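Now for the letters of each chain:
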Amino acid sequence: MHVNADRFVDALLNHELPAPLAVEDARRAAELCVVHALLGQLAADESVRAERLTDAAFARIRDDSGAGASPELARIAWSRLWVAMAAGLLLVASIGIWYRATAAHRTVQSLAEVHRAQGPRLYALSVHRQSNEGPQTLAGTVGVDGHGAWALELVTQGDEHIVLGHGQRSYWRRTAAGEVFSGSDVAVLRSWLAPLEEDIAVPSIEETLARLERDYDIAIEIDPRDGTQFCHGRKVTADPAAADDVKIRFEPAQAGGPLRIRAIHWGWNGPGTDVGIGAVKHYIQSIDAELIDEQWTPPDGWFEPAAHTANALAARALASP
Amino acid sequence: MDRLDLFEILVRQHSDMLRAFIRSLAFDRELVDDVYQDTILAAWSGIDGFDKTKPIQPWLRGIARNCLFAAARKRHDAIVSDAAVVEGIERQMSAIDGREGDTLAERTATLRSCMEHLSAEEREAIDLCYRRDLPATIAATQVSVSHDAMRKRLQRARSGLLECLKRHEVLGTCT
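First to last, the sequence lines map onto chains A and B. Residue 87 in the working numbering sits at position 76 of the first sequence, and the numbers go up by one each step. Residue 199 in the working numbering sits at position 170 of the second sequence, and the numbers go up by one each step.
Please keep in mind that the hints were generated in silico from the structure rather than gathered at the bench. You may find that some hints are simply not true.
If we take Cβ atoms under 10 angstroms as the criterion, some of the chain B residues that face chain A in the derived model are [as the list claims (entries may be wrong)]:
#1 ALA49
#2 ASP67
#3 THR68
#4 SER74
#5 GLU116
#6 GLN121
#7 MET122
Restraint ranges, calculated between C-beta atoms of paired labels, are given here [stated by the list, open to error]:
#8 ALA198/A x LYS195/B: 44 to 50 angstroms
#9 ASP75/A x SER148/B: 47 to 53 angstroms
#10 GLU198/B x ALA187/A: 24 to 30 angstroms
Here's a subset of chain B near chain A, in silico, CB distances under 7 angstroms, partners left out [to be verified]:
#11 GLU37
#12 SER44
#13 ASP45
#14 SER53
#15 ILE69
#16 TRP88
#17 LEU147
#18 TYR159
Model, not experiment: these values are computed from the prediction. The C-beta atom is built at its ideal place from N, Cα and C for all residues, glycine as well.
Isolated chain A (complex conformation):
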């Protein structure tokens, strides 16, 4: 039986197990399969899932290589050691050369703490990395806003800015010419923050909501969760007519870890606008989800009323005829 290429990819998406299929147009089917696979990479939990699976695979490799060692095995291993070492060194050297030639994110980091007071704080970060152009040092900062939201910003020697914010699955690279690109290889960037792990712990949902209510003098009523990563609610103020919808986005649940808030989208008073507040980017959308603008914003002041007002004004301006 021959099936249509689109139907074929439907089966992939729906995880159906059809009978062995022959496709009418193999070339188109292959292209659609690749589109399907690229879209699959966008899943909210994909990077976490991939990281967890990779961690587990390498843990098993390391376990296997460490287990079962016996005197007999040790003797055999010793007798082969010199040959293995020579081959290993050659391989390591070759991979190393190839690796250096193709790499962009090979780094070690050093972190200098410049301020460790309560509330907003700023750390200087110095990253030594091996790039195609040779060793480089990137200077930057890690800003923590006092509520657990943080943003890492580095400046390369080519005056490019690399930014990764709390809750973001992609980092952002802004060139000197102002072009913005995204990249998904955030594991390396996050590893630079390891020394700060305790300081940048994200507060609980209750703490975050309490802070929001205190800062904005509002009450937030939360609807029961619908099983997705979103939660809806209402921002209630003294003026009932000014009440707005609130959409809260959660971090993908970590195994064994508590759920955290990733971003909050306010339905703002401007006609037909919705302003999302995230650690790095603000999205301004119409009510039918058309993207009006994506704004790069300073990472600090995520929850600060002044920043919120500025974004609301920007949204209103964009929404005005």
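Dock chain B against chain A, hints included.
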């Protein structure tokens, strides 16, 4: 840094490409995860067979394909078995390998701008079924349309993205 550390860095650098390749061939999400891990283990076992003068991505994909076929022997019909399609996917992935960028996401960054050209309904369908990973039937219920309508939206979205990626020569440039 030992040999395994280097190998781990390489695998992590190409993990998104590897998972995308497996996902393009596998019908079952659990199978994608299983084969991904099997591929890493098999690649490490066979690291001595890696030709260092060649890029690592096609080598990893070759191992992944073998792992998929091995899995398919236990779970019939769980993977794309049409040889022409499999070959076509490998060609497209090789073409993507050659694009500028360190990760798959960087090499296919055009996908993001292509999404902006989809209709709101199509973007919503992508958001529900891919970003939020909902089954199409559930996604259809959430936006109060029939399953067929949701399926059509997804088909139109994928077709639209394919045409856009072809225009930007991300896909379809190889024969």
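Hints, one by one, checked against the model:
{"no.": "1", "hint": "ALA49", "in the structure": "4 angstroms, holds"}
{"no.": "2", "hint": "ASP67", "in the structure": "9 angstroms, holds"}
{"no.": "3", "hint": "THR68", "in the structure": "9 angstroms, holds"}
{"no.": "4", "hint": "SER74", "in the structure": "9 angstroms, holds"}
{"no.": "5", "hint": "GLU116", "in the structure": "8 angstroms, holds"}
{"no.": "6", "hint": "GLN121", "in the structure": "5 angstroms, holds"}
{"no.": "7", "hint": "MET122", "in the structure": "7 angstroms, holds"}
{"no.": "8", "hint": "ALA198/A x LYS195/B: 44 to 50 angstroms", "in the structure": "31 angstroms, violated"}
{"no.": "9", "hint": "ASP75/A x SER148/B: 47 to 53 angstroms", "in the structure": "50 angstroms, holds"}
{"no.": "10", "hint": "GLU198/B x ALA187/A: 24 to 30 angstroms", "in the structure": "26 angstroms, holds"}
{"no.": "11", "hint": "GLU37", "in the structure": "5 angstroms, holds"}
{"no.": "12", "hint": "SER44", "in the structure": "5 angstroms, holds"}
{"no.": "13", "hint": "ASP45", "in the structure": "6 angstroms, holds"}
{"no.": "14", "hint": "SER53", "in the structure": "4 angstroms, holds"}
{"no.": "15", "hint": "ILE69", "in the structure": "4 angstroms, holds"}
{"no.": "16", "hint": "TRP88", "in the structure": "12 angstroms, violated"}
{"no.": "17", "hint": "LEU147", "in the structure": "11 angstroms, violated"}
{"no.": "18", "hint": "TYR159", "in the structure": "4 angstroms, holds"}
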